[in-house]
Each structure stands twice: as C-alpha cells, then as structure tokens.
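*Asks:* From first to last, the protein sequence lines are chains R and G.
The numbering of the first sequence is my numbering, which starts it at 1 and goes up by one.
The numbering of the second sequence is my numbering, which starts it at 348 and goes up by one.
It is worth saying that the hints were derived from the structure and are not from the lab.
Nothing here was measured: the structure is a model prediction, and the numbers come from that model.
A virtual CB, placed ideally from N, CA and C, is assigned to each residue, including glycine.
Just to be clear, a hint being listed does not mean it is correct.
Going by beta-carbon spacing under 7 Å, a handful of chain R positions derived as facing chain G [to be verified]:
1. Leu-238
2. Asn-239
3. Leu-252
4. Val-253
5. Ala-257
6. Val-270
7. Phe-274
8. Val-277
9. Val-280
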Amino acid sequence: MKGSWNWFWKGGSVLLLTYVVVRGFCTPLQPGLVSATPSQLSVAPQVVDLVAVGQPFATSEDLPASFDVVLRSGDQLIRTDVVAITPHSVRIQIDVPPTMPSRALDAYLFTPASGTLFLGNACFVEDAAKGDVPPEFSASAPDPQEPDLGFSFPYQPNIMESIRNLLWHVPMWFAMFFIMGLGFVASLAQLRTDSIGWDMRAEAAVKTGLVFGLLGLATGSLWARWTWGAWWVSDPQLNGALVTVLLYSGYLVLRSAMGDDDRVGRLAAVYNVFAFVMLVILLMVLPRYTESLHPGKDGNPGFNSYDLDNSLRAVFYPAVIGWGALCYWMYTLRLRMNRCAHHLLSR
Amino acid sequence: MGQTLHTLRTAGTVARLEWQLEWRQGHQLAAVGLFAIASVYVAFQASDQHTGAAAWTAMLWLVHLFSGFTAIGRLFDRERSNVRRYLQWSAEPLGLMLGKLFHAVLTTTALTAVVLGAFLLFLGWPQGIESPGKPGLLVLGAWLGGLSMTTTLVFVSAVASQVRNGSGALAAVLGLPLLLPQLILATRLTRGALSDEPWVMLVEYPVFLGALGAGTATIACILFPYIWRA
Numbered sequence: 001m002k003g004s005w006n007w008f009w010k011g012g013s014v015l016l017l018t019y020v021v022v023r024g025f026c027t028p029l030q031p032g033l034v035s036a037t038p039s040q041l042s043v044a045p046q047v048v049d050l051v052a053v054g055q056p057f058a059t060s061e062d063l064p065a066s067f068d069v070v071l072r073s074g075d076q077l078i079r080t081d082v083v084a085i086t087p088h089s090v091r092i093q094i095d096v097p098p099t100m101p102s103r104a105l106d107a108y109l110f111t112p113a114s115g116t117l118f119l120g121n122a123c124f125v126e127d128a129a130k131g132d133v134p135p136e137f138s139a140s141a142p143d144p145q146e147p148d149l150g151f152s153f154p155y156q157p158n159i160m161e162s163i164r165n166l167l168w169h170v171p172m173w174f175a176m177f178f179i180m181g182l183g184f185v186a187s188l189a190q191l192r193t194d195s196i197g198w199d200m201r202a203e204a205a206v207k208t209g210l211v212f213g214l215l216g217l218a219t220g221s222l223w224a225r226w227t228w229g230a231w232w233v234s235d236p237q238l239n240g241a242l243v244t245v246l247l248y249s250g251y252l253v254l255r256s257a258m259g260d261d262d263r264v265g266r267l268a269a270v271y272n273v274f275a276f277v278m279l280v281i282l283l284m285v286l287p288r289y290t291e292s293l294h295p296g297k298d299g300n301p302g303f304n305s306y307d308l309d310n311s312l313r314a315v316f317y318p319a320v321i322g323w324g325a326l327c328y329w330m331y332t333l334r335l336r337m338n339r340c341a342h343h344l345l346s347r
Numbered sequence: 348m349g350q351t352l353h354t355l356r357t358a359g360t361v362a363r364l365e366w367q368l369e370w371r372q373g374h375q376l377a378a379v380g381l382f383a384i385a386s387v388y389v390a391f392q393a394s395d396q397h398t399g400a401a402a403w404t405a406m407l408w409l410v411h412l413f414s415g416f417t418a419i420g421r422l423f424d425r426e427r428s429n430v431r432r433y434l435q436w437s438a439e440p441l442g443l444m445l446g447k448l449f450h451a452v453l454t455t456t457a458l459t460a461v462v463l464g465a466f467l468l469f470l471g472w473p474q475g476i477e478s479p480g481k482p483g484l485l486v487l488g489a490w491l492g493g494l495s496m497t498t499t500l501v502f503v504s505a506v507a508s509q510v511r512n513g514s515g516a517l518a519a520v521l522g523l524p525l526l527l528p529q530l531i532l533a534t535r536l537t538r539g540a541l542s543d544e545p546w547v548m549l550v551e552y553p554v555f556l557g558a559l560g561a562g563t564a565t566i567a568c569i570l571f572p573y574i575w576r577a
C-alpha cells in the first residue's frame with residue numbers, strides 16, 4: 001500500500017513537471033504592442049509603424065480595412081489610416097492636428113483576430129498647441145472586438161515572454177519555504193527529543209532547501225535582468241533572499257566546523273530554529289513594509305494580477321505542486337543517504 | 348515568582364562579573380578602543396576630508412561593524428576555563444544570557460560613542476551637506492544599529508563558543524550574513540539623517556532596527572538554554 005502511494009506521488013510530480021515544461025514553453029503569448037517608430041512626431045502628415053509581439057497579424061486573410069487604429073490625446077481620439085500590414089507591424093498614416101489636449105498619444109489597435117491592443121504613451125508630438133482636436137481630425141471609437149484567443153498567456157508590458165518564468169521562479173521559492181519549514185519542525189523535535197533521526201531530517205531539509213534557494217536566486221536574477229535591466233538590484237526582497245541563502249549556508253559551515261563532536265545535532269538545531277525565524281522576518285515581513293520593486297510587496301501587485309488569467313493559473317498551480325513534490329522527493333533521497341552514512345559509520 | 352527573581356539575581360551577578368572582568372583585563376577594552384580609533388584614522392587619511400555622504404556612511408558602518416565584532420565576538424570565550432566550568436554548572440542559563448546581553452548593551456553604547464565621536468572629530472560633517480541634517484537621528488541610528496547588531500552577535504558568539512576549535516573565525520563567518528539586514532537598515536537611516544528628508548519619512552527605520560534587535564535578543568534567550576549545557 002505504501003509502495004503504491006510512493007509510486008503515485010513521485011510519478012505524479014514527474015508528469016506534472018513534464019506538463020508544466022511543455023505547456024509553459026509551447027503556449028503562445030497573447031499579442032501586444034511594443035513600440036511606435038518614430039515616437040517623436042511633428043505637426044504634419046507622416047507615417048508611423050506600430051510594432052507588436054505575438055504575431056497578432058499573422059492571419060493574412062484580414063483585409064487592411066478591418067484593422068482600425070486610433071490615437072488618443074487626453075480624452076479625444078485622432079483618426080489614422082492603415083497603410084500596410086506585416087506579421088509584426090502595422091504601418092499607419094497620420095495627419096497630426098495642430099492643437100490637441102495632450103502631447104502624449106496612446107495607440108489603440110482594433111483587430112478582428114486579436115481584439116484591442118493598447119500602447120500607452122506611444123508617441124509624443126513636440127510642437128502641438130494645447131486645445132481641442134479640430135473636428136476634421138477627430139475619430140469615433142470602433143466597435144470593440146473580443147475574439148477567442150484560445151489557450152494563451154497574458155501580455156504584460158515589460159514582462160512579455162518572460163512571464164513564463166513565473167512557472168519556475170515562484171514555485172522554487174514556495175518549495176524552499178516548504179522544505180525549510182519541514183527542517184524547522186524537525187529541529188524543534190530534535191531539541192525536544194535529542195534524537196539523531198530528527199537531526200538527519202533537519203540536515204537533509206536544509207541541504208535540499210538550499211538547492212532550491214540557489215535556483216530561485218538564479219531564475220530571479222535572470223528575470224530582473226529582463227524586466228529591471230540589471231542582474232541584481234538593491235531591493236528589500238532581494239536582500240532578504242540573499243541573506244537567507246547565506247544564513248543557511250552558515251548552517252552547513254557550522255556543521256562542518258563541529259566535525260564529529262557529539263553536540264552537533266543540538267547546536268545545529270538551535271541555529272536552524274534561529275535561521276527559520278530570520279527567514280520569515282526577512283522574506284515575508286520586512287519587504288512588505290518597505291519600498292520594493294518586487295511584485296507582491298509594498299503595494300505592487302503580486303502574481304494574483306497575472307493569476308487572474310485562467311490559462312496561466314492552469315499551469316502555475318501544477319507547477320507549484322510538481323516542484324514541491326520533486327523537492328520532497330530530493331529530501332527523502334538525501335535523508336536516505338544520511339541514514340546510510342550513519343549506519344556505515346556506527347557499525 | 349521566586350524563579351524569576353533567581354534569574355534576575357543571576358543576571359545581575361553575571362553582569363557585575365563581566366564588568367569587573369572588563370576592567371581587570373584592561374587590555375581587551377583597550378584593544379577595542381584602539382581598533383576603533385585607528386580604523387577611523389585610516390578612514391580619515393583615505394578620505395582626504397572631501398568625503399560625500401555616501402562614502403561617509405559606508406566608512407562609519409564598516410568601522411562600527413568590525414569594532415562590534417572585536418568587542419562582542421568573543422563574549423562567551425573570555426573567562427578562564429575553570430571559571431567557565433563553574434558558570435556552566437552553577438549559573439542558570441537564562442540569567443547568564445541576560446547578564447551577558449546587559450553587558451553587551453553597555454559595551455555597544457560606549458563603542459557607539461567612541462566611534463561616532465572619533466568620526467566627527469577627524470572627518471567632521473560630510474562634504475556637500477548644507478543643511479545641518481538631523482544630528483539626533485544620526486546618533487539614535489548609530490546606537491540602535493549598533494544594538495541590533497550586538498544582540499545578533501551575542502547569539503552567534505554563544506553558538507560559536509560551543510565549537511572547540513577556531514570559534515573566533517566561526518563567529519565572523521556566521522555573523523556577517525546575519526548582520527546584513529541590520530546594516531542595510533542602519534546605513535539607510537544614516538543616509539536619511541544626513542539628507543534633508545523629513546524625519547517622518549525615516550521613522551520606520553529606527554522602529555525596524557529596534558524590533559530586529561529585540562526579536563533576536565528574545566530568540567537568543569529562548570534558545571540559549573539548549574546549547575549552554577549541551
């Protein structure tokens with residue numbers, strides 16, 4: 001009975017992670033507008049290219065007539081004409097009016113296949129006067145279109161394709177919290193009973209958790225490079241994560257410094273309890289009350305805002321369960337190694 | 348009630364013992380003071396009296412950090428081995444910890460005064476700061492930052508003293524990462540105190556520093572009995 005349960009959850013974690021890898025990399029991203037070139041306009045007729053990701057215009061049957069682009073200045077709309085369409089961009093002809101409420105223009109692209117795409121502050125007009133848009137330039141909003149995009153991940157400005165990292169970075173930290181929590185409980189039990197079994201559990205948990213912490217740091221660093229522009233920034237959440245990993249490395253240093261001293265279990269348990277309390281303070285308490293760029297802290301939206309999207313949720317939850325189960329599996333292997341070593345040494 | 352009184356009496360005795368030991372072995376106190384003032388003097392020579400607020404803050408906390416290590420890092424290793432054995436079997440662990448913590452708080456207060464005083468004497472106020480800043484907040488930040496480093500160091504020193512060989516180096520290895528959060532908060536507070544930011548914006552930093560210090564002291568008191576007679 002126990003054997004079949006082990007087969008079930010281990011096989012399940014492999015299947016879940018296979019699903020996560022395949023779904024996570026093969027699901028298309030919803031289209032979105034990235035930039036407008038040129039972004040500096042002047043009061044004259046001119047041509048602007050709106051560049052997009054996610055191949056929103058790949059269906060070539062769409063006639064240019066069914067594409068609609070309007071630019072918004074303040075709360076007024078400005079008419080444009082679609083000139084040409086390539087798979088990744090739409091070329092528009094715009095007659096910039098001499099007066100408009102705001103010099104910053106937002107672009108709205110209405111397409112039959114991908115719905116409405118939006119780009120805030122797409123262009124700036126340098127020499128326009130403040131005032132209402134003259135009637136011959138103004139447009140009315142086209143009918144909104146809500147096509148079925150199928151199974152796809154939501155487009156977020158800045159994050160774009162890197163939204164797939166949500167399936168790696170976040171579950172790895174969850175798995176680390178989970179296994180470090182297990183180590184904390186084991187260390188408490190060690191302090192109460194003073195038995196070698198709990199000590200071996202705590203050591204296996206910390207070693208496994210450190211692997212996931214390092215992977216979490218690596219994936220986070222990659223993500224920071226893409227969205228914030230630097231491999232590492234000084235942010236409460238990042239500082240906390242680094243200190244936590246260093247703290248648990250200290251646990252291993254302490255153990256190896258003790259050598260075969262018979263008090264190692266008790267001392268390591270004391271240190272581990274302290275380390276876990278610091279983990280909770282550093283990663284869950286402090287960043288929430290200080291300024292942070294990291295999602296989920298300091299009023300920044302957490303992954304809940306991406307999570308609202310059902311397709312992402314359908315891969316994210318399996319990823320959390322899959323990584324957690326894999327982490328626990330690694331922990332059981334490490335524990336078995338510890339037990340074997342203890343058995344061999346005490347013979 | 349009687350137990351609490353007993354604990355407090357132990358704490359008082361240990362604190363008094365530490366105090367006497369400090370003056371009897373004058374060289375330790377002198378070593379810390381010498382270290383602090385020599386480091387400040389090195390900073391003064393390196394900075395050429397044109398130090399901006401950022402470099403000033405960095406040097407202040409580097410000096411403070413390593414002076415703290417020198418003063419507190421071997422707190423549980425100071426007694427001669429027979430005194431230590433006597434304490435181990437006679438003193439109540441919680442009282443011992445409280446006494447040591449009390450002594451560490453006193454030492455840190457004195458150390459903060461020495462470091463900050465030497466800094467202001469040699470380097471003066473950092474260059475490029477027109478406004479007088481907030482000297483009160485600067486002093487409070489240096490003191491609270493020092494205290495919250497100290498409580499962590501006391502715990503680390505207690506753990507490291509249980510390891511038979513090389514406990515000094517081990518305290519440094521375990522202590523430095525643990526002190527990073529306190530140092531981050533303390534340097535931000537110092538930078539803020541030197542800038543013309545209103546102090547209402549900075550009030551969270553002393554609160555966090557105090558909370559971190561009190562928190563680590565509490566955990567140290569809870570966990571210490573488990574390691575002392577292990």
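*Asks:* Does each hint hold? Answer for all of them.
*Replies:* Consistency of the hints with the structure:
1. Restraint check, Leu-238 of chain R versus chain G: the minimum CB separation of about 11 Å is more than 7 Å; hint violated.
2. Nearest Cβ of chain G to the Cβ of Asn-239 of chain R: about 6 Å, under the 7 Å cut. The hint holds.
3. Hint status for Leu-252 of chain R: violated, given a least beta-carbon distance of 11 Å to chain G, over 7 Å.
4. At a threshold of 7 Å, the smallest CB-CB gap from Val-253 of chain R to chain G is about 6 Å, leaving the interface hint in force.
5. Of the supplied interface hints, the one on Ala-257 of chain R holds, with its beta-carbon coming within about 5 Å of a beta-carbon of chain G, less than 7 Å.
6. Annotation: Val-270 of chain R was flagged as interfacial toward chain G, and the flag holds, the nearest CB pair being 5 Å apart, inside 7 Å.
7. For Phe-274 of chain R, the shortest C-beta to C-beta distance to chain G is roughly 6 Å, which falls under 7 Å, so the interface hint holds.
8. Nearest Cβ of chain G to the Cβ of Val-277 of chain R: about 6 Å, under the 7 Å cut. The hint holds.
9. Look at Val-280 of chain R: its Cβ only gets to about 10 Å from chain G, farther than 7 Å, so that hint breaks.
Going through the hint list in order, the structure does not satisfy hints 1, 3 and 9.
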